[in-house]
Each structure stands twice: as C-alpha cells, then as structure tokens.
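According to our numbering, the sequence shown is numbered sequentially starting from 1.
If you are wondering where the hints come from, they were derived from the structure by calculation, not from laboratory data. Check the hints yourself; a few may be wrong.
Said to hold, decoys possible - Computed list of lysine to aspartate or glutamate pairs in DMTMM-like fashion (alpha-carbon distance at most 20 angstroms, straight line):
hint	residue 1	residue 2
1	Lys114	Asp136
2	Lys144	Glu121
3	Lys69	Glu55
4	Lys144	Asp112
5	Lys110	Asp87
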Amino acid sequence: MHRRLFLTLFAGLVVTDRVALAGPADPVRIEKLVLSDEAWRKRLTAQQYEVLRHEGTERAGSSPLNNEKRKGHYACAGCDLPLFLSDTKYESGTGWPSFYAPIPGRLATKTDFKLILPRTEYHCARCEGHQGHVFDDGPAPSGKRYCNNGVALAFVPA
C-alpha cells in the first residue's frame, strides 16, 4: 500500500500542469483523487463502495439508469468526473447501462482474470473507481460495449 501511495504521489509531482475545462466532453488533464479507505466509506453507500473500491458487480437489471433516456452525461459516482455522454448510451439487453464510447481520456483499463478468461476492466481515470468491463460486441461506430455498473454512475441532466 505504501508503494502505491508513493507512486501516486510521484505521478502527481511529475505532471504539475493540470487544468479542467468547462464542459463534460472537453479534454482535460485529470488530477488523481486519492482518499483513505475510511474516507471512501464515508463518501459512498455500501453498494457503491463494494463496486467502486472492490470491483464488485451489482445485480443485473437493478439500476434505475437502465431506463434513463434524458440528455445529459454520466459521471463517476465516486468523484463526479464525467465519463459518458447520453448520446453514446444504448440498450444492450444485458441489464446494465451500456455505452459505445466514453468521453476521451476519462477511463483507464486493465486486464481482469477473475473469470479465468481475460476481460478488459475499465475504471475512472481520476479516482480509479471500478466501473465495469468493455467488450467487442457493441454497435457502430466503435463496435465496443462499455458495460457499466449503474451504482458506479451518477446521471447529470443537460
């Protein structure tokens, strides 16, 4: 844990010119948000904590965001960083909110072997909160399906 904290702090020192721009889709340089486990527990609900901090998965079909159709954007429930625009949301039939493209630069990925076969997990680039997994069975134009835990997102209407 000390090594991860050191590396996070060192990375913050290396990149010192960080500026956030006006809109959710604008390119930004993202400053990492690092909180203690106790601070995350206070900031999040129990279900959000399990998903965002421990890579849990909510039950399929349980998110009210599955039926959200308004214009706006979807932000990380842990740190409010906009991750997806409503224009990229689609009905995948999986029971989880799905998107065909994120806002550029807002997600980071890693390989997940929890189900033995490798999958690509993605998380928030600011707080490293687990969001979901990306698959190659989505619609045009990207062909990607970003399958997101609804509890890991907050919808912000336009």
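Outcome of the hint check:
1. Lys114 - Asp136: Roughly 18 angstroms between the alpha carbons, so the hint for Lys114 and Asp136 holds.
2. Lys144 - Glu121: holds (13 angstroms)
3. Lys69 - Glu55: Since the Cα atoms of Lys69 and Glu55 sit roughly 26 angstroms apart, the hinted pair is violated (cutoff 20 angstroms).
4. Lys144 - Asp112: holds (17 angstroms)
5. Lys110 - Asp87: With a Cα-Cα distance of about 25 angstroms, the restraint between Lys110 and Asp87 is violated, given a limit of 20 angstroms.
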